[in-house]
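Chemist: The chain contents come next:
2 protein chains.
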Amino acid sequence: MKEEIPFSKDIALAFKNEPPGSWLLDLPEGCIRLSSGYPEPSLVPVEEVKSAVVRLLDEEGDLPLHYKGSPRMPKLAAMIQERMAKRGVDLTEQEILVTSGACQAIDLVSRVLLDSKAVVALEAPTYMEALEVFGNYTEHFMNVPVDENGMDTTRFAEMLANRKREGLTLPRILYTIPSSQNPTGTTMTLERRARLIELAEEYGFLILEDDAYGELNFGDAPRLLKALDRGNRVIHIGSLSKVVAPGMRIGWAAGPEEIITTMNWFKKDLHHPFGQATMTTFLEDIDFDAHVEKLSAAYKRKCEVMIAALEKFLPPAVTWYTPEGGYFVWVRIPGVDTMEMLPQALDAGVSYVPGNYFFQSPENNEFLRLSFSYATDEEIVKGVELLGEVAGRNI
Amino acid sequence: MKEEIPFSKDIALAFKNEPPGSWLLDLPEGCIRLSSGYPEPSLVPVEEVKSAVVRLLDEEGDLPLHYKGSPRMPKLAAMIQERMAKRGVDLTEQEILVTSGACQAIDLVSRVLLDSKAVVALEAPTYMEALEVFGNYTEHFMNVPVDENGMDTTRFAEMLANRKREGLTLPRILYTIPSSQNPTGTTMTLERRARLIELAEEYGFLILEDDAYGELNFGDAPRLLKALDRGNRVIHIGSLSKVVAPGMRIGWAAGPEEIITTMNWFKKDLHHPFGQATMTTFLEDIDFDAHVEKLSAAYKRKCEVMIAALEKFLPPAVTWYTPEGGYFVWVRIPGVDTMEMLPQALDAGVSYVPGNYFFQSPENNEFLRLSFSYATDEEIVKGVELLGEVAGRNI
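Same order as they appear, the protein sequences are chains A and B.
If you read the first sequence in the numbering used here, its first letter stands for residue 32, the second for the next number, and so on.
If you read the second sequence in the numbering used here, its first letter stands for residue 32, the second for the next number, and so on.
Hints listed in this document are in silico derivations from the structure and should not be mistaken for laboratory results.
C-beta atoms are modelled at their ideal positions from N, C-alpha and C, and glycine is treated no differently.
Some hints could be false.
What follows is a set of in silico ranges between Cβ atoms, one per label pair, in the way DEER data are often shown [stated by the list, open to error]: (1) K117/B to A339/A: 30 to 36 angstroms; (2) F319/B to Q125/A: 22 to 28 angstroms; (3) S82/A to G235/B: 52 to 58 angstroms.
With a straight-line cut-off of 25 angstroms between C-alpha atoms, the simulated BS3-like cross-links for lysine-lysine are [claimed, not checked]: (4) K413/A to K343/A; (5) K333/A to K343/A; (6) K81/A to K99/B; (7) K99/B to K333/A; (8) K99/A to K117/B; (9) K333/B to K81/A; (10) K99/A to K81/B.
Every beta carbon over 12 angstroms from chain A, so not counted as near; a handful from chain B, in silico [as the list claims (entries may be wrong)]: (11) R114; (12) D138; (13) F172; (14) G198; (15) F249; (16) A329; (17) L341; (18) N387; (19) N425.
With these hints in hand, go ahead and build the complete structure from the sequences.
Modeler: Below, the structure is given as C-alpha cells:
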C-alpha cells in the first residue's frame, strides 16, 4: 500500500521514533512502581471529583454537555489568572489558553513557532514527551546540561556565543522545567533564572517554562521565570496533573497574546466543557492553598523516605540530587548501563526509568529516574532495597 | 514584537483566517437559535452521565484519574469496534483511534497526510471546522458540488479527468460527509458511494468519511463508505457528539493501521481517561440501538415541524432539500445575500448560519443553514415564521 498512496513523510518519522516506554504501562504483577510519575492514589481527590460532577450537573443541567455552554468554562481561565497573579504574574484573559494538559500546550507552541529549520534548546536530560513533541517538528537541538542548581546557564551562554561566532542558527525557543525538573528533581537558582532571561533578550529566543511541578515545593517557592519576564519572552505552561489528577487533562499556556490566539486556532480538539467545568466546580469547593500545602508536605515526606532508603541501601559509589520539590530523584550508578540493568530490576520486583529516555541524544547510560510520588512508604523502602541489591551486582 | 521574534508564518495564517462565527455563540437574549448545531437539550442524557460518573468512581476509585489506568479505556475502543461491525465494517483494534471529537480526527489525518503542496477535494458546501483544519495545512482545494443526492460524483469524475489531462496535482484526500451532510442535510446515494470508491482507486486518493450524523436516519440507514471499501482507502470518522453529547468530546478514526498509528503519535493531548471512562460506563448502562432509535424519531419529528413551517411561511421562490437524517435544512433564497440579511434576522429574533461560511471559496450568498436540532417545536415554528417575514422583505 505504501507505494500506491501518497503518504506523507511523517509516517516514516513516526515509525522511526517509536515510543520507548510501553513496558512502563505493562509492568509485571506486584512490581514496585518507582517508574511511575503518577500522583499518590490516596491524594487523588476521587470523592471530591464525584461531588463536583453531581453539583455541576444539578446546577447546570445539559449546559456542560454542549460545545461551549457552561458558564464555568471562562471561570476556569479566570481562576488560573488569579492563581498566576498570586504567584507574581499578571495576565489578561487573552494571554491564557486552557489546554488538555501541559503536553498539548507544548505541542501547540511548537505548531506555532517551529518548522524543520528551527533549533530548539533544551535541558539534557528533560521530559520525554517534550522530546517526542519537538522531534515531530525539527531535528535540530541544543542540549544544555543540568546540575544540582538546574540548567547550567553559564554553559548555555558559551554554547550560544559559539553558535553566533560560527554563524550557526540560533535557537527559536528554549524549553525548560525550572522547578523540580523532570527527571532530575533540580530547581534552577534565582541567579540562573535572571541570567536566562538576559540570554533570551540577547539572542532573541523565546522561553517555554514548563511549570508542571512548580506548586510542589518542599521549601520556599521559587520565582517563576514568567514573573521575571519584562520583555514578554516567556510562555508559561501550567498543569493540574500533578496537583489534582492527570486523568482530568487540564493544563494551560500563558504568554504573548498573539501566540496564545494562534495556539487556540490550531487547537482542533476544540474545548472540553465537561472536563473543564468539572474541574472548575472542584476548584470552587476546595481551599487550593491548603490543598497544595497538604500535597507538598506529603511528597516531601515521601521524598525523605526515599532519600533515607537510598543512603541505607545503595552502594557508596551511587549518587543523586536531593530534590527541592516534585516527584523524582535522579540517580547515577557509575559505570553501569541502566538500560541493560532494567530487566534484572524488573525480575527483582522494582521498576525505574532508564536515564537515556530523557536525553535527546543519549551520551551516558549511568542514570535512572526514581519516582517517590506513586508508591507507598513501604514500597519505596522495599523498592530501593531491591534496587540496591541489583545495583550492587552490576557496579 | 513581530520584528524581534522569529515567529512562524503560521501566525499570519491564523490571523488571516480569523474564525467567522463568534457571534454564533453570543446571540442576543431571547433569540431563537436556528443556527446552533447542538443536540436537543432534553435529549442530552444529563442524569445518565451523572450516574455513570458515580458508578465509575465507586468501582474504579482513582484509576480513571491517572494517565491510563482505567480498564474502561480499551473497552471504549472495543465498543466502537463492535458498533462498526454491526454497521458492516470489520476492524482490528489497531485500526481504531479514540479522539477528542471528529474535528480532532480530521486534524490528525491532515497532520499525517497533508503538506502545503497537497490538494484536498471536498464538498462545496461542507463542515466549516473542516475548512479551517484543511486551511491550516494547504491552500489547494477541489470544490465538488453537492445536490439533493449528495456529492456529485459525475462532476467530480470530470474534474479529476481534467486535472489529470492538464497535468495538475491530483487530490491526496477527498473529505466527504456522505450521510445527512452538514450543512445540506443530503445523503449520498449508494450508486454514488460505489462510484466514489472507484474514483479513489482510479486516481489514487484516500477518502475521509465524516459520519458525525450517520446514526441519525429518518428512513433506512445508508451504507457506510467504509463498508464498501475493499482497497482500504477509506478513513472513517465517527463521533458521539450528535448521539450523546458534544461536551464529552468523544470521536474516533478508523482506517489503515499505519495511518491510525501515526495519528496516535501526533495526538499530543494524550488520552482522556476521565471522559472516556465516563462515556464507556454510560454506554454500558444504555441500550444503544434503542437510544439511537429514540433520537432519530425525535429529530425526524422536529425536521417535519421545520419543513411544514418552511412550506407555510417562506415565500414561494425559496427552496430547500428535504433531509433524510441529521440536524440541518439547507435553504436557498434566490437573489438574496444571506450574510447581509443576517442582522435583520437577529433583530427580528431568529438566528441562522449564512451559507458562505460553508464554502472554501464562496461564489453565491443565497444559502443559509437552519438547525432543527436544538430549538423546541414552538421555537422552530416561530423562528421560521420570523425568517419568512425577513426573507419576504429581502426577496
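Chemist: Is K99/A close enough to K117/B, meaning Cα to Cα at most 25 angstroms?
Modeler: violated (32 angstroms)
Chemist: Is it correct that the beta-carbon of A329/B has no partner in chain A closer than or equal to 12 angstroms?
Modeler: Label holds. Min Cβ-Cβ 15 angstroms, cutoff 12 angstroms.
Chemist: Please verify whether K99/A and K81/B have alpha carbons no more than 25 angstroms apart.
Modeler: holds (19 angstroms)
Chemist: Measuring Cβ to Cβ, find out whether L341/B lies farther than 12 angstroms from everything in chain A.
Modeler: holds (25 angstroms)
Chemist: Is K99/B within 25 angstroms of K333/A, Cα to Cα?
Modeler: Within the cut-off at roughly 23 angstroms; holds.
Chemist: Going by Cβ atoms, does N387/B stay more than 12 angstroms from chain A at every point?
Modeler: Since the minimum Cβ distance to chain A is about 20 angstroms, N387/B lies beyond 12 angstroms and the statement holds.
Chemist: For the pair S82/A and G235/B, does the Cβ-Cβ distance stay inside 52 to 58 angstroms?
Modeler: holds (55 angstroms)
Chemist: Do K117/B and A339/A keep their Cβ atoms within the hinted range of 30 to 36 angstroms?
Modeler: 58 angstroms Cβ-Cβ, so the 30 to 36 angstroms window is violated.
Chemist: R114/B clear of chain A by more than 12 angstroms, beta carbon to beta carbon?
Modeler: holds (21 angstroms)
Chemist: Is the claim that F249/B lies outside the interface with chain A correct, judged by CB distances over 12 angstroms?
Modeler: Answer for F249/B: holds, closest chain A Cβ roughly 23 angstroms.
Chemist: What's the verdict on K333/A and K343/A, does the C-alpha distance respect the 25 angstroms limit or exceed it?
Modeler: holds (15 angstroms)
Chemist: For D138/B, which was marked as not at the interface, is the minimum beta-carbon distance to chain A over 12 angstroms?
Modeler: violated (4 angstroms)
Violation of the numbered hints given earlier is confined to hints 1, 2, 8, 9 and 12; the remaining hints are satisfied by the structure.
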